[in-house]
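A.B. asks: So the chains spell out like this:
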Amino acid sequence: MGWFLEANFILIGIITILMAFGTLSTKKVMRAAAFLLLTLVGVALTYLFLGFEFLMGIQITVYAGGILILFLFSVLLTGHEEFKMDLEFAKENIVQILISILLFFTLTALMLSIYGNYQLTGNELVLQAQTKGLTQDFSVALFSHFNYVLPILGVLLFSAMLGSVKLVLREEEL
Amino acid sequence: MSEFQIVIQSFLPVYTLLFGAVILLILDWTIGKKPVHKHIMPSISIITLIVAGYMVFIRPKDPSSFPGNPPLFYFGEFYAYFSLLAITAAFVIVLSAWKDMELELSLGVFYALLLIATAGILIIAGAMNFIPLYVGFEVLSISTYAMIGFKKKSRAAAEASIKYFLLGALASGILLFGISLFYGATHSLQLTSAVNVLNVIGTTKPNAYGLFVMALLVVGVGFKIAAVPFHVWVPDVYKGSSLSVTNFLAIGSKAGGFAFVFKIFLLSLITIKSGWAPVWAVLAILTMIVGNLAALPQVSVTRILAYSSIAHVGYILIALVSYAHGATEMATIGALYHLMANIFMKGTAFTVVLIVVYQTGGDTLEHFKGLSKRDPLTTFFMTIALLSLAGIPPFAGFFGKFFLFYSAVLSGDTYLAIIAIMMSAVSVFYYARIIYVMYFQEPSEANTETKTYPRFFILLFALTIGNIALFFGALFLTPQLVEFGSKVAQELAQFII
Amino acid sequence: MTAIPIEYPLILSSALFSLGVFGVITQKNAVRILIAIELIINAANINFVTFASYNPNADISGWVFALFIIAVAAGEAAIGLAIFINVFRNFGEINVKHLFTLREV
Amino acid sequence: MSSPQEFFGNIADLIRGIPRDIILLLNRLPYVHLDPENDVRGVIVILMTAILAIYGLTNLLLAPWLERKVMARMMGRRGPVYVGKFGLLQLIADIFKLISKEDTMPMTADKFGFNLAIFMMGIATIMSFAPIPWARGVVGANMDIGLLYVFAVFSVFPPAMLLGGWASNSKYSLIGGFRAAAQLVAYEIPMMLSILGVLIFSGSLNLMTIVEEQYSNGWYVYRAFPGLFIAFVIFLFASLAETERTPFDIPEAEGELVMGPRTEFSGWRYAIILMVEYIHMYVNVILVIVLFLGGWDVIPVIHGVNYPEFLWMIKDNRLIQFLAFNVKIYIGVFFVTWVRVSFPRFRIDQFIEWGWKTLLPLSFIALGIVVVYAGLLVA
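Residue numbers (the numbering used here), protein chains in the order written: chain B, 1 to 174; chain H, 1 to 497; chain G, 1 to 105; chain V, 1 to 379.
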């Protein structure tokens with residue numbers, strides 16, 4: 001049962017990982033940004049499968065639509081550099097590659113070790129999420145319990161805006 | 001008092017700082033091009049900081065009355081102390097940036113960023129949940145990135161900003177991953193959840209999962225507070241950014257970073273303290289040794305002070321270890337006292353470097369030669385600051401180190417105290433070298449500038465008075481100090497059931 | 001049951017995290033490093049959403065945090081790319097390998 | 001024999017039943033087993049979307065024709081006349097012409113980016129049809145986040161434009177791409193802000209709910225006057241800008257940039273881009289109607305006025321709702337054409353400044369009015 005969703009999830013997951021690998025291995029920085037876009041969309045789709053449609057929308061709107069434009073602009077404004085991931089690269093960075101592979105397996109083993117913690121009740125929640133209604137719970141939580149954190153987020157974005165405008169703007173001398 | 005009033009009153013300091021920032025921006029927009037603005041902007045910042053400091057005192061008396069179940073914020077003694085720390089640090093930076101930054105365009109933005117960064121520290125100090133904690137931390141970080149790169153024409157500042165940004169962003173990414181694993185284990189983002197919830201990270205000793213979470217968190221915060229081996233950015237960034245920002249990194253950002261560390265390790269990960277105490281002990285030893293030894297061959301005074309600031313991080317990390325091993329009160333007192341002393345010592349030292357750079361155009365020992373002949377008062381203040389950094393009485397640095405080392409002895413980690421004392425002895429060499437150069441060597445031909453800056457004089461005077469007053473305060477008001485320390489320690493411990 | 005087993009998203013997130021770490025330690029171009037950091041942040045985000053969705057206590061603060069992280073990442077990316085552009089104006093490149101000027105001073 | 005009202009009411013149910021039947025059919029085959037209760041959701045969404053998208057696309061054959069005809073009349077010409085009756089099949093002929101052209105790509109182009117940009121835009125536009133309610137209950141995917149979904153899908157456009165502009169390796173394309181991205185990003189913000197007023201009243205991102213709320217309480221364009229009216233005007237301008245229609249076709253600007261980011265695209269790629277542009281415009285018109293002009297609602301309710309029973313019967317009839325929605329869409333398309341013929345183009349700096357310095361503060365004012373009004377309503 002449920003193989004349809006599972007198969008889709010696995011497919012999207014594999015594509016996401018491939019795209020993430022693409023961001024690191026592709027030759028041009030611009031292409032890396034394009035691959036990043038696809039990765040982000042893939043991650044957004046996993047949110048859909050995890051029952052959090054709202055974050056899917058936010059991820060695509062803010063991340064894929066907003067942040068990525070920043071990336072593309074800055075790549076175009078800072079010039080290209082060719083980079084090649086080939087056999088020579090692999091030889092030079094053999095330690096790094098081994099570290100990341102080791103990290104992957106350790107991390108997977110560790111995270112699966114707490115699976116028992118979730119075995120019993122988790123599935124029901126996801127089922128509930130798929131039949132809608134949790135988006136509303138989420139927004140209620142956001143505007144009741146986390147009411148006082150939202151303005152801080154505003155402060156953060158405000159300071160980021162101030163700083164980046166100041167850094168990029170060309171000013172005439174006094 | 002209604003819930004709404006409590007919230008408003010609790011957040012008043014933060015609101016004040018933000019209000020000040022907005023006023024500064026409006027002024028920057030209207031009179032930013034006129035020459036008077038370089039005096040108006042810092043003045044307004046100072047007024048804002050004073051008002052915010054006052055607001056900290058009139059926060060609601062009962063911190064547990066903050067709404068929410070469980071509450072996301074707790075505005076107790078810990079919060080009050082760190083807010084005052086942050087506000088004092090910001091005060092010092094405003095006064096030193098008054099001269100340092102005066103030629104920059106859109107000054108209002110700089111001071112607004114400074115105020116926002118201070119607000120970030122306040123939020124860190126008050127947060128009881130990972131969400132406000134992390135967001136406050138990022139408010140601090142993002143404002144700092146922008147402040148470092150603020151001198152756009154300077155190549156060094158650009159380089160410092162890119163280094164600090166890349167490492168900071170990486171650190172916060174790793175930190176986030178650690179928090180996510182923590183959340184997976186405890187099912188809650190409340191800082192105190194690990195204490196109450198049946199946890200998977202280990203009940204008293206961390207299991208493999210707990211160790212991994214801990215490692216990620218240590219790496220994440222280690223970058224921010226510059227513990228060895230995550231310290232590589234410190235000398236370059238301190239050297240590259242303009243000196244008033246360096247000052248902020250050394251005193252303000254550091255206070256925020258330590259508030260963050262204490263929140264994470266003394267509240268949420270306290271159950272697995274047997275796991276992280278040895279790690280921090282090793283890191284403390286490494287930090288002390290590397291910081292002090294690497295400072296020896298340096299010729300740039302900024303770099304010497306940067307390494308010395310790494311070394312001081314090592315001293316404060318002792319507090320974490322001894323807190324975990326039972327000497328909670330003394331460790332708390334030591335850490336809080338040393339962070340305050342740090343403001344006076346480092347604030348003075350970096351301000352003097354700033355003056356010397358203005359007088360001679362460089363910050364190497366060469367430029368400090370014969371400073372006493374040229375500018376005896378500044379030299380005097382610098383000497384006091386350096387002696388205080390070296391931990392020589394009657395200056396605040398002495399008690400800072402004393403409390404920290406004593407807490408190590410109390411908790412049974414005598415080896416830490418011994419290493420720390422040895423390293424302090426090493427540190428005397430490089431501090432003494434600066435003093436020697438200032439007093440006993442003739443100034444080189446080129447450096448004969450004797451211009452003094454009254455604004456700096458006021459600042460240095462205040463800092464030195466504060467330095468000495470802190471020493472005598474610790475000497476004569478020991479019972480009150482101990483009482484305060486135990487109050488904060490109790491506040492931290494009350495969440496552990 | 002139609003739910004996806006919790007292993008799948010966790011494996012995805014650990015893969016993204018390792019790829020991100022790999023990118024950070026091998027790449028030289030600052031923009032690429034930032035892209036790798038974005039991968040790490042996304043991995044953490046997947047973890048938050050997963051753990052919140054499968055949470056036995058029905059605690060959805062992980063979802064809230066995920067939303068906050070996206071906003072924070074936006075702020076961080078904005079300031080970071082501004083810094084890169086500023087560095088490019090000063091140095092003519094943003095290859096971190098070549099930014100060594102401060103070492104000698 | 002049932003009444004037409006019931007008949008068309010049942011059609012939606014019938015259409016909704018089809019995917020379930022398909023699943024049950026599929027289940028008879030070996031190796032395929034779907035749970036109609038649980039797995040059906042994804043399949044329904046896909047199928048309904050496909051059906052309605054096909055309907056929308058056939059509709060679309062009419063929209064460009066209408067635009068050409070109207071434009072020609074306004075310019076004193078006759079427009080397409082030869083292919084089909086009144087030139088109705090002109091678009092099909094054009095598409096055939098474009099598809100049968102040689103498939104060329106600039107030699108120095110970045111193949112990956114060049115193709116990716118096209119596919120992203122094409123897929124995004126077709127996906128954007130999913131949550132649109134055509135009549136009561138007739139909707140592809142009834143999602144909670146409908147509005148956000150449409151915006152999410154459209155927010156892929158600026159990166160795609162920039163990527164396409166960069167990938168063609170031509171200066172016109174690149175400059176056009178920059179302009180397009182800047183324009184889309186600049187006008188997304190007032191657009192979003194103007195929607196917030198609507199969301200305060202509807203309390204949901206679900207397009208169905210939004211329309212239902214207007215059905216019972218009146219269209220948003222005249223509620224909280226003048227707050228939502230200002231929001232409506234802002235949204236209208238912003239969606240014209242988002243779809244790069246004259247007077248906001250800055251990225252294209254034939255005089256300066258040939259065809260903007262699309263300069264190097266030819267053959268079937270150009271056909272796709274043409275389609276994408278029309279669908280984008282079409283969906284934006286639909287959004288304006290759904291958000292402010294009552295969607296499929298026929299007769300606007302006015303607060304305090306009691307309508308007789310037969311008016312409510314008209315309002316409730318799904319066929320009339322469906323037709324009314326289509327009529328509204330065509331009026332919208334006509335309006336867009338009218339604007340295109342009547343106004344000259346903005347200059348890029350004027351245009352961006354107008355977005356940031358006029359529309360943005362104005363949308364804040366509109367939002368403020370709505371908030372005050374809603375607050376009074378609650379109090």
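Read the hints as simulated data drawn from the structure, not as lab findings. Be aware that a few hints might be false.
Listed below are the simulated DSS-like cross-link pairs for lysine-lysine, each with C-alpha atoms no more than 25 Å apart in a straight line [what the hints assert, rightly or not]:
| # | chain 1 | residue 1 | chain 2 | residue 2 |
| --- | --- | --- | --- | --- |
| 1 | H | Lys487 | H | Lys369 |
| 2 | G | Lys28 | H | Lys99 |
| 3 | B | Lys28 | V | Lys171 |
| 4 | G | Lys28 | B | Lys84 |
Derived, one-sided and incomplete: chain B residues facing chain H with beta-carbon distance under 8 Å [to be verified]:
| # | residue |
| --- | --- |
| 5 | Glu6 |
| 6 | Lys28 |
| 7 | Ile101 |
| 8 | Phe105 |
| 9 | Leu112 |
| 10 | Ile114 |
| 11 | Leu142 |
| 12 | Tyr148 |
| 13 | Ile152 |
| 14 | Leu153 |
| 15 | Leu156 |
| 16 | Gly163 |
A few chain H residues that face chain B, going by a derived Cβ cut-off under 7 Å, partial list only [said to hold, decoys possible]:
| # | residue |
| --- | --- |
| 17 | Gly68 |
| 18 | Val109 |
| 19 | Pro132 |
| 20 | Val139 |
| 21 | Tyr209 |
| 22 | Phe484 |
Even for Gly, the Cβ is constructed at its ideal location relative to N, Cα and C.
A.B. asks: Which numbered conditions among the earlier hints are violated in the structure presented, ordered from lowest to highest?
C.D. replies: Hints 1, 2, 5, 6, 7, 8, 9, 11, 22 contradicted; others consistent.
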